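Peer 1: One letter stands for each residue in the lines below.
Protein chains: 2
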Amino acid sequence: MTHIGIDILGGDWAPEAALSGSLSALNLLGENTILHFIGPQNLVQQHLDEQHPALAKKAVIHPTDDFVEMGENPVKALQKKPQASINIGCALMAKGVLNGFASAGNSGALMVAAMHFLKPINGVSRPCVVSAFPQKNEHKNVLVDVGINADAKPEMLVQFAKLGQLYSHHVLGVKSPRVALLNTGAEPSKGSLLYQKTHELLTDAKDITFVGNLEARDFYDGVSDVTVCDGFTGNVVLKQAEGFYNLLKHQNIEDPFIEKFNYEEYGGTPILGVNGNVILGHGISSSKAICNMILATEKVAKANLALHINKAFNK
Amino acid sequence: MTHIGIDILGGDWAPEAALSGSLSALNLLGENTILHFIGPQNLVQQHLDEQHPALAKKAVIHPTDDFVEMGENPVKALQKKPQASINIGCALMAKGVLNGFASAGNSGALMVAAMHFLKPINGVSRPCVVSAFPQKNEHKNVLVDVGINADAKPEMLVQFAKLGQLYSHHVLGVKSPRVALLNTGAEPSKGSLLYQKTHELLTDAKDITFVGNLEARDFYDGVSDVTVCDGFTGNVVLKQAEGFYNLLKHQNIEDPFIEKFNYEEYGGTPILGVNGNVILGHGISSSKAICNMILATEKVAKANLALHINKAFNK
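Protein chains in written order, with my numbering: chain V, 5 to 319; chain U, 5 to 319.
Honestly, the hints are just simulated from the structure, not real lab data. Mixed in with the good hints there might be a few duds.
As the list makes no split between identical chains, a pair holds if one copy fits it or if it spans any two.
As the list claims (entries may be wrong) - Calculated pairs, DSSO-like style, for lysine-lysine (alpha carbon to alpha carbon, straight line, at most 30 Å):
| id | residue 1 | residue 2 |
| --- | --- | --- |
| 1 | Lys253 | Lys315 |
| 2 | Lys62 | Lys85 |
| 3 | Lys315 | Lys303 |
| 4 | Lys210 | Lys85 |
| 5 | Lys157 | Lys99 |
| 6 | Lys61 | Lys315 |
| 7 | Lys201 | Lys157 |
Owing to the predicted nature of the structure, the values given are computational and were not obtained by experimental measurement.
Next up, chain V with everything else stripped away, as it sits in the complex:
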């Protein structure tokens, strides 16, 4: 059985969006998957009662009314709110009740809770977050890190490469992921000192299929499976793509391929490098986004990504 937890109190439109997205997901999750609702008992129960009994059987409720506010200090939230939905979710993961946990709540608080309850994987100096971008050739290009480590070091970027590779291989099914370094030009001497040094380290790394620097203009061309950068640059790339998508909506441009850039389709951003499969959702997550995030969490949990990362870093 696969047990997925969802934070019903996380996100700007919680609990409504989280609840309705979770109920949609119940219909789509695998037969052997159980969905754990972490949120208000009565409200969840009432909605589950409206479901077909066969579906409601696939649900478990972990009752709580407490949650971390969006602007709240993550460390204080961990200390003062043990019953906040995010803290309950991560604690349930640590106890082995859940195989995966997703939340669209306070991202800092989710990160702090994941580090506290699940601990970083031995050998991983800094956990990071990834996002898989659509490509012209229908492949996916996994960008890592897209937000946690704004001040990164070359050795950290090499670890991001390894983590991204494991995600691409175990979750997206790419046999031998090609790793590129996001940069301002093809030559090894391009970019900041951080990127020059990282280029050197990636060239020498034995367990990485390094294909060299990748300029952002070629980022969607399907020439790499994993693209490495610091968390500041990655966050800018992720959000610029969102801004561009919004620009197209503003122009009333509709296109099935471009629709893949809709954040609602992403299914959230996995945190790599902690002992557990934790997925971070967009704060503005709609019902559809929550549903896709739960399905993505099931995929990561079934692949047991955290276990594979642990093995790879501790062989």
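Position chain U against the provided structure of chain V, taking the given hints into account.
Peer 2: Below, chain U without anything else, positioned relative to chain V:
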């Protein structure tokens, strides 16, 4: 009279694209503008002879067959090739023959030549390059730096803000440009140490209308006139926009607003902070791109941007 120089030997498709773009520009430049062709005498003369005599009168040729190769070392090119088109162009600017100079050639070599012949403006610690991005509300958002300073310091970013402001005001006609800091979130504590410190300095700067942090997802929303970042991040943003535009072309999506993202429409990237109006074009510049770059150079030269920057930094 306004005198604009164009490098006929610069760019991947030189001399054909540069020549044909220059001839198109001749038709469009103001009555009191003279276009200086820096390139092969016979070839240019032959093409000018095919023009209407009234147009050919607006042209001057500075003959040379030498140029800097795209992959050539910029410093060596300056030392060993005094007759390379880029070096001639910058030298003509320094002598006061030209009011503006544009090249789609080796960008490093153009930068080195501009620094050598024109010198940085007193008080500007690091010249930078800017690009004006289309906005939902038809305004322009000037991103600075988009490529030179991959390793930037907070004080440099504050200067980029001032330089961007002067560009927005004098060239784009924005009365009181609003300056934002590109970042990963709205709070002052967001981003890398570089961005945290820059936020502090911009908040305290008296001559800057600082409107706070801007996330990349809001970059096209017309909420700032100038957006400041380091040259690595800016280059990634510029090239990602180009990548996204290419993606839309690949999907056969046509839209007049989106067409503004076509690099051919940009008109090149002005170098700010040297004593002269120098515009850097895209290496792959087509005839149309060259034509627009020349028109943009005329605009910058007529505004006499370099002079305004000099005044602002030395009052």
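Peer 1: Would you mind marking each hint as holding or not holding in the structure?
Peer 2: Against the structure, the hints come out as follows:
no.: 1; hint: Lys253 to Lys315; in the structure: neither (43 Å within a copy, 43 Å between copies)
no.: 2; hint: Lys62 to Lys85; in the structure: within (28 Å within a copy, 75 Å between copies)
no.: 3; hint: Lys315 to Lys303; in the structure: within (19 Å within a copy, 60 Å between copies)
no.: 4; hint: Lys210 to Lys85; in the structure: neither (44 Å within a copy, 42 Å between copies)
no.: 5; hint: Lys157 to Lys99; in the structure: neither (33 Å within a copy, 46 Å between copies)
no.: 6; hint: Lys61 to Lys315; in the structure: neither (34 Å within a copy, 75 Å between copies)
no.: 7; hint: Lys201 to Lys157; in the structure: both (9 Å within a copy, 19 Å between copies)
Hint violations for this structure: numbers 1, 4, 5, 6, all remaining hints satisfied.
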